[in-house]
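Based on the provided sequences and hints, a complete structural model is requested.
Number of protein chains: 8
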Amino acid sequence: MDRDMKQMLESVRDGALSVDDALLRLKRQPFADIGFAKVDLHRKLRQGAAEVIYGAGKTPEQIIGILDVMRQNGQNTVLITRLSEEAARIVAQAHPIDYHRDARAAILGGFPEPDGLGTIVVATGGTSDIPVAEEAALTAQVLGNQVTRLYDVGVAGLHRTLAHLDEIMGASVIIAIAGMEGALASVIGGLADCPVIAVPTSVGYGASFQGLSALLSMLNSCASGVSVVNIDNGFGGGYQASMINHMERKGVKP
Amino acid sequence: MDRDMKQMLESVRDGALSVDDALLRLKRQPFADIGFAKVDLHRKLRQGAAEVIYGAGKTPEQIIGILDVMRQNGQNTVLITRLSEEAARIVAQAHPIDYHRDARAAILGGFPEPDGLGTIVVATGGTSDIPVAEEAALTAQVLGNQVTRLYDVGVAGLHRTLAHLDEIMGASVIIAIAGMEGALASVIGGLADCPVIAVPTSVGYGASFQGLSALLSMLNSCASGVSVVNIDNGFGGGYQASMINHMERKGVKP
Amino acid sequence: MDRDMKQMLESVRDGALSVDDALLRLKRQPFADIGFAKVDLHRKLRQGAAEVIYGAGKTPEQIIGILDVMRQNGQNTVLITRLSEEAARIVAQAHPIDYHRDARAAILGGFPEPDGLGTIVVATGGTSDIPVAEEAALTAQVLGNQVTRLYDVGVAGLHRTLAHLDEIMGASVIIAIAGMEGALASVIGGLADCPVIAVPTSVGYGASFQGLSALLSMLNSCASGVSVVNIDNGFGGGYQASMINHMERKGVKP
Amino acid sequence: MDRDMKQMLESVRDGALSVDDALLRLKRQPFADIGFAKVDLHRKLRQGAAEVIYGAGKTPEQIIGILDVMRQNGQNTVLITRLSEEAARIVAQAHPIDYHRDARAAILGGFPEPDGLGTIVVATGGTSDIPVAEEAALTAQVLGNQVTRLYDVGVAGLHRTLAHLDEIMGASVIIAIAGMEGALASVIGGLADCPVIAVPTSVGYGASFQGLSALLSMLNSCASGVSVVNIDNGFGGGYQASMINHMERKGVKP
Amino acid sequence: MDRDMKQMLESVRDGALSVDDALLRLKRQPFADIGFAKVDLHRKLRQGAAEVIYGAGKTPEQIIGILDVMRQNGQNTVLITRLSEEAARIVAQAHPIDYHRDARAAILGGFPEPDGLGTIVVATGGTSDIPVAEEAALTAQVLGNQVTRLYDVGVAGLHRTLAHLDEIMGASVIIAIAGMEGALASVIGGLADCPVIAVPTSVGYGASFQGLSALLSMLNSCASGVSVVNIDNGFGGGYQASMINHMERKGVKP
Amino acid sequence: MDRDMKQMLESVRDGALSVDDALLRLKRQPFADIGFAKVDLHRKLRQGAAEVIYGAGKTPEQIIGILDVMRQNGQNTVLITRLSEEAARIVAQAHPIDYHRDARAAILGGFPEPDGLGTIVVATGGTSDIPVAEEAALTAQVLGNQVTRLYDVGVAGLHRTLAHLDEIMGASVIIAIAGMEGALASVIGGLADCPVIAVPTSVGYGASFQGLSALLSMLNSCASGVSVVNIDNGFGGGYQASMINHMERKGVKP
Amino acid sequence: MDRDMKQMLESVRDGALSVDDALLRLKRQPFADIGFAKVDLHRKLRQGAAEVIYGAGKTPEQIIGILDVMRQNGQNTVLITRLSEEAARIVAQAHPIDYHRDARAAILGGFPEPDGLGTIVVATGGTSDIPVAEEAALTAQVLGNQVTRLYDVGVAGLHRTLAHLDEIMGASVIIAIAGMEGALASVIGGLADCPVIAVPTSVGYGASFQGLSALLSMLNSCASGVSVVNIDNGFGGGYQASMINHMERKGVKP
Amino acid sequence: MDRDMKQMLESVRDGALSVDDALLRLKRQPFADIGFAKVDLHRKLRQGAAEVIYGAGKTPEQIIGILDVMRQNGQNTVLITRLSEEAARIVAQAHPIDYHRDARAAILGGFPEPDGLGTIVVATGGTSDIPVAEEAALTAQVLGNQVTRLYDVGVAGLHRTLAHLDEIMGASVIIAIAGMEGALASVIGGLADCPVIAVPTSVGYGASFQGLSALLSMLNSCASGVSVVNIDNGFGGGYQASMINHMERKGVKP
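Chains as they are written, first to last, in our numbering: chain A, 2 to 255; chain B, 2 to 255; chain C, 2 to 255; chain D, 2 to 255; chain E, 2 to 255; chain F, 2 to 255; chain G, 2 to 255; chain H, 2 to 255.
Source of the hints: derived by calculation from the structure; they are not laboratory data.
Hints are not guaranteed to be accurate.
[Stated by the list, open to error] Here are the simulated BS3-like pairs of lysine-lysine, each with C-alpha atoms no more than 27 angstroms apart in a straight line: (1) D:K251 x E:K251; (2) F:K251 x G:K251; (3) H:K7 x C:K7; (4) H:K251 x A:K251; (5) B:K251 x C:K251; (6) G:K7 x A:K7; (7) B:K7 x E:K7; (8) F:K251 x D:K7.
From a predicted model like this one, the values you see are computed outputs, not experimental measurements.
Next comes the structure, spelled out in structure tokens:
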């Protein structure tokens with residue numbers, strides 16, 4: 002884009018383009034063309050590293066098409082979330098993906114070398130939370146993070162949580178994933194001294210109201226340093242944890 | 002009542018009352034007069050021990066009137082809950098009550114000797130839960146229970162909870178009282194092996210929704226042996242805990 | 002565990018282990034190794050008596066695997082809740098379970114002799130509440146309780162409730178199970194003088210909102226001595242009722 | 002109105018008014034002028050008997066003004082609901098009203114002779130429901146009904162409900178008023194064989210959610226013959242009960 | 002029952018039964034045996050006329066069984082609600098029922114002669130509300146009422162409502178049935194001068210929240226004389242309307 | 002209608018009809034016959050232009066029947082919304098409709114020439130909102146509007162929104178359609194200076210609560226000039242947008 | 002702004018500014034300076050006509066300060082909404098405002114001449130809705146619209162609504178304002194053939210839930226052409242109505 | 002603590018303490034004494050830097066007492082949140098605090114030198130969100146962060162947001178604070194490539210439901226890298242942002 006605008010300014014300087022025409026051109030495309038370093042960054046994970054496709058509501062054919070384009074553009078690592086096993090089978094005929102059944106996700110191109118500040122711990126309250134946890138873990142891995150999984154360490158068996166105190170206290174970021182009463186976030190938030198991203202899940206029945214109970218619990222956590230993403234949003238948890246685990250010094254220009 | 006009915010039956014036996022008149026009398030007052038061992042038992046705490054008056058919405062004068070009647074009927078121990086300090090001052094001019102400011106409750110006649118199976122532990126997540134906790138504790142004490150208070154042992158500072166493991170594991174019944182995310186009930190429920198009565202409180206702000214968050218958490222507790230009473234219902238928690246702490250063998254007749 | 006720590010202390014005493022190394026070892030495993038008498042107690046029902054498996058979300062193969070381990074460890078009585086008939090058929094090929102269709106539950110090893118303080122009454126408002134009630138009743142039975150079933154005694158036909166006044170007033174604990182408006186808990190709570198565990202069910206339609214109406218009713222019960230568990234949580238009701246029915250004197254050490 | 006239209010038609014017949022002008026006149030005022038027997042009937046209680054003013058949000062001066070007009074139009078019996086004591090004092094200086102503090106209502110002109118089919122029973126669960134009950138009772142009385150008050154007969158003390166079985170079974174219509182869990186409507190609905198109008202009240206705290214719990218209970222009542230009006234709407238209950246208690250045969254034309 | 006008690010009293014009079022034994026017997030069965038004229042009346046429609054079976058959650062076999070018993074006891078008119086077409090086909094092989102597909106209901110024994118005070122109008126806002134309306138209409142008919150159906154007279158096409166002003170103003174009771182915004186109840190309540198039973202339906206989508214929108218509208222109706230039953234509860238509307246349409250003078254004994 | 006009434010008045014004038022009979026006739030049909038220019042206008046789109054059938058809940062046979070009648074009455078352009086592909090196939094055998102799969106809608110008779118004030122922009126936050134958007138767009142087109150589609154311009158990729166600033170600022174009316182957090186309405190409302198009709202969609206999961214999140218966002222939009230229709234109500238958005246795009250001067254008669 | 006950029010381009014043309022410096026300058030201020038015709042348009046009502054200040058949460062001093070600036074910038078017509086009478090008194094000492102108590106709003110500089118397409122009708126269900134209605138009406142007037150007020154025409158007295166059929170059918174836009182059940186929007190939406198902006202109000206009690214009932218009703222309106230703004234948002238209703246009433250042809254360039 | 006345990010181990014080594022007694026001692030105090038580096042860390046902000054006191058519900062006297070203890074323990078920097086101006090005045094008489102009225106917070110001991118990775122941007126949608134924003138900003142500052150405030154950059158005036166693109170894209174962490182529709186989080190989340198902590202506020206009215214609307218919006222944000230804390234929880238946002246801005250490499254031991 003810079004090149005285009007530079008050429009335009011050079012044309013003005015050289016008299017090849019009138020000031021009025023230049024003005025018109027600038028006014029017509031102010032947003033698409035000026036100064037945007039971040040084209041679709043919200044979907045692009047880390048430049049040169051990985052892309053993610055949200056599979057829900059897309060047909061296998063649509064996904065194959067998107068993968069075609071991505072690979073033609075040199076993108077070799079892609080995470081596809083919310084992908085059913087049947088759809089994965091069809092996609093696999095066109096692209097060499099690995100399907101992770103627990104996470105309902107597929108990966109093209111394998112995991113990059115971890116290059117984060119430390120380890121991301123993915124902890125769940127119960128075994129039913131594992132699908133969401135695996136989505137979070139794979140997201141973090143595909144984005145270049147070392148991940149430790151602590152599954153089924155729910156607070157009702159506190160010794161199981163505490164048996165992993167080392168991992169909890171040594172983590173760089175923790176993703177605390179729980180349904181039902183969601184107390185895991187508070188307990189881990191009280192033990193750890195790193196940022197905790199809480200992911201409520203829709204696991205439970207009756208007054209869990211499809212994750213509302215866990216969501217409210219986590220938002221009201223009396224532990225500091227806990228923030229929350231949407232119910233069942235393992236990807237969101239993994240993504241933000243990776244961002245935090247890749248923090249760098251951002252200097253002010255002298 | 003028994004006496005009345007016995008007299009009636011004796012009158013029938015003695016011919017002083019016709020069978021038809023007796024029949025009519027029986028049909029007209031079946032519920033008030035026959036076989037009810039439990040007259041207003043839901044308000045009377047334990048026979049000969051204590052009564053409770055729910056003070057909310059009653060004027061000091063009404064409370065004085067009720068106390069007049071109770072004492073004339075030989076009731077010497079009375080708990081008055083949800084009583085403002087101002088109202089207590091007026092009542093105190095007529096009856097020798099002790100006012101407990103934290104619990105917003107007054108007691109007439111002092112505590113009876115504890116005669117329960119063991120100790121009732123009253124635990125709170127934070128200091129703001131203390132008014133509800135004191136209502137629960139006083140209720141339990143006035144009903145003849147030994148009470149241990151564990152206040153501000155919320156799960157965000159788990160070591161504070163765990164520092165009281167002895168009391169928690171030695172309790173006969175535990176009343177777990179917490180607002181915000183209400184995780185205390187699950188943590189204590191996972192540690193203790195006695196019944197836990199959870200009391201959500203309206204402590205919190207924002208997404209605590211006046212206790213709804215804590216209530217849902219407690220209902221969804223993944224720990225077994227936890228049941229729940231209404232938001233801020235310290236009395237209800239203390240009352241049921243006392244019932245449980247006074248369990249006796251109920252034999253089947255041989 | 003004791004043995005390990007004892008050995009370590011003996012090594013310190015004998016000079017075979019330095020104080021610093023012992024200190025380090027202690028700090029690294031504080032929770033897993035020290036003083037926990039209660040390993041997964043929240044899932045273990047009563048020592049030597051029964052275990053429970055929450056069947057929802059587990060494949061028959063997973064359940065068979067868990068049963069394999071349990072039986073190898075000498076556990077002979079196991080309750081499996083939320084188990085579909087199809088899954089039960091598969092499990093039954095590997096382990097000699099009895100399937101209770103109403104309760105959607107299976108039992109391995111039969112019921113133990115009742116050893117509680119008295120009888121647990123399981124009452125329902127209607128016939129549609131029976132699946133939840135049977136889950137509660139089986140749980141209580143497998144935990145060593147004598148159970149009396151009073152089904153379809155809803156308050157809209159009050160004489161049916163009152164016809165069972167004897168059972169209600171003679172109960173040790175009552176589990177009151179109802180959907181729709183959940184009034185059963187209040188009526189029974191007003192009649193009985195024992196603890197009442199209320200279980201709201203999702204029975205109903207329209208403004209019952211999948212059990213919310215019954216849940217709120219039960220939480221707001223004007224009868225004392227009533228506490229509540231999650232919607233449709235028959236197991237939770239049966240478990241806590243059993244705890245209460247097995248209360249014992251917990252002495253203070255002299 | 003009829004007179005106006007008759008005159009117009011007569012003018013057409015007599016040639017004093019052209020057909021087109023008559024047509025225009027008819028089209029311009031179709032609703033205000035044609036065939037409406039029921040001018041503001043929803044606010045007028047029974048023709049020649051009583052009017053009602055909803056006092057909430059009206060100044061004493063506005064109420065005095067409305068009463069001026071009503072009395073000038075020959076209306077001598079008026080019920081004013083939701084009227085504060087202070088406002089009543091000011092209104093009383095201009096009009097001879099009787100203020101009923103419990104009901105927060107005033108009456109001008111006294112009660113008419115009851116002329117309904119039978120007695121309307123107004124029952125409440127507790128004493129805190131009395132303001133709503135009195136609004137219902139006064140509404141019914143001012144509309145010409147005989148009213149029996151059964152207050153504080155809540156289901157937690159079932160014998161108190163049952164002690165009034167005669168009144169309940171002899172009623173023409175019952176208005177069942179309760180807050181908290183609202184079970185009264187179901188119990189009375191199960192006992193009575195007349196229409197029951199249930200009025201939930203905002204009495205309660207915590208999970209009563211300002212009457213929502215009682216409202217849902219009553220809507221889900223398993224007793225037939227129960228319908229519900231808005232929370233705290235004593236007037237609505239009394240009004241419909243009176244309508245029902247004044248039912249008459251509506252013949253089909255031969 | 003009377004006979005039993007009379008015999009007992011005679012035995013006392015005659016000396017064949019001691020006073021103490023009589024007392025014991027009275028205390029044991031107060032509720033089942035004394036003064037209850039109303040056995041399961043809430044399910045029995047009108048003595049000698051009709052019974053109703055709530056079909057939801059019952060197997061065809063269970064329904065056949067209930068019908069067997071009812072007919073053996075001389076009950077010839079039975080309404081079965083919430084009955085699927087498939088279930089009806091099976092039941093029809095055992096009992097001569099008529100299935101009404103719109104109402105998802107079956108009738109055994111046909112309609113009785115109408116004997117109410119007047120006509121019950123069943124009005125709906127749209128055509129999608131007809132299943133609920135037909136349940137209401139059949140209930141009213143089977144209970145001996147003349148019914149007029151006004152379907153699809155919703156307020157968005159007000160002239161359609163007003164075209165039926167005659168029926169509306171001539172009705173004895175009106176059942177106003179609507180989903181979506183439920184405005185029909187208010188409009189009809191404002192036009193009619195008879196009791197209006199409003200039945201919200203779950204018809205709609207999005208912010209209708211399965212009937213919640215219509216329910217709240219109807220509860221907040223600014224028209225007097227409107228009361229509400231549960232969402233989709235056509236039976237409840239028809240039942241109470243019939244009760245009202247069969248009101249009789251209930252005299253006080255002189 | 003006018004003709005009927007004119008004839009009646011002429012009969013009165015001519016003495017062929019008595020005044021009383023005329024009066025009676027007027028009173029009986031005030032609403033259906035007098036002054037209603039708008040017969041079922043709420044369903045009729047624009048006179049002579051197009052009709053719409055709401056297909057949900059109607060069988061293909063019913064739709065064919067309605068189309069039969071409409072076409073017999075000279076209606077040639079009809080939009081059928083919420084129509085499944087299977088149903089469309091059956092209808093297409095009887096009437097020459099075009100089925101639009103994305104919109105789940107069919108059109109009979111093609112689009113009329115656009116005759117509005119300007120262009121209606123239909124914008125969506127994501128690709129999953131397209132079915133609702135297409136329903137809106139087709140509705141607007143069938144009603145005679147030029148439509149510009151801006152799909153997948155959600156605020157998380159703001160440059161995509163801004164790249165269409167020309168279309169947004171040049172629009173006559175904008176229909177902003179989004180699920181999840183619904184921020185599109187505020188962003189577009191802040192950029193545009195024309196009326197914005199916001200349509201929340203049920204796209205999302207977890208705490209989107211089937212569109213509630215987007216609905217609340219849009220209602221709370223801090224941008225002026227935004228109003229909202231029901232969740233997923235593409236038709237409603239397109240209909241009102243067309244109304245606005247066809248505004249004309251409505252003069253007062255001189 | 003254009004001038005600035007034109008100068009910059011001229012400097013490039015003239016060689017006074019290097020291409021790189023021009024590029025840098027363009028990249029740094031893309032949004033504030035390029036092509037934005039609409040600076041704070043969402044708060045500015047119509048260029049040269051009127052501004053609005055949202056008074057809630059602002060001190061009188063802050064409002065005076067804002068007015069100082071506005072008037073210095075030549076803005077003479079200003080609407081201040083949500084302004085208490087006390088605050089208005091203070092502001093009036095500094096600026097010559099007119100306070101409208103009903104609307105809780107003040108106006109500086111009087112109303113402009115109406116220049117819209119037709120008349121905006123502001124209709125309310127009851128008298129309690131008038132404050133919201135007056136906010137809407139004043140907003141519309143200050144923005145140059147002729148306004149007709151139809152207050153207290155609620156649907157429970159349908160003849161009152163219908164008496165104004167002329168105004169309703171002659172309106173250019175209608176703002177329908179109602180609390181409680183909010184049926185007014187549907188009834189008016191069914192009668193009128195112009196856009197209807199519905200404004201729910203928080204008027205009501207009990208199950209009106211502070212306007213939620215009216216909001217849901219209006220969103221679910223079965224009448225086409227109705228859209229909704231936030232509860233009590235009279236300004237929003239008036240603003241969008243004015244936008245619609247000032248629609249103009251937006252031509253496509255030839 | 003270490004010292005105590007070390008002494009104990011030394012006693013064992015020296016023979017002054019038997020192995021059994023040491024074992025017993027270890028078992029009795031496992032949690033309070035072993036290996037807890039984090040004593041009340043959730044309340045202590047950064048070791049040696051700052052403490053925070055949650056002022057809500059504490060009397061000035063209680064706060065003074067806590068400050069007494071803290072300062073005696075060498076804590077010189079303390080943040081007191083949710084502190085009223087009146088309370089601050091009293092506290093200021095005992096301790097030299099600075100009160101920040103906007104934030105309703107006081108600071109003892111001034112801000113430390115910023116030592117984070119970069120700048121934390123605190124952005125708000127409107128001016129009414131400033132109290133929450135200031136609580137967040139002060140928290141971040143007191144914890145050693147450089148803070149840039151971008152207030153009133155709500156999305157309805159998008160150019161205001163975009164005018165600060167430099168700050169947004171240069172931030173290390175962003176705290177996005179907004180009430181009403183909460184769209185700011187999505188827009189900023191789409192522009193920035195750093196973690197965004199969203200704080201919903203209770204600013205708004207009507208359907209904002211005290212912050213619920215903003216909360217749901219933020220949880221459903223379609224922008225990646227956004228997580229959410231409780232409504233109005235400025236402290237929570239500032240605390241987690243500081244944690245993230247102080248991330249360090251956590252090495253694995255070689």
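Non-conforming hints, listed in increasing numerical order | Violated: hint 8 alone.
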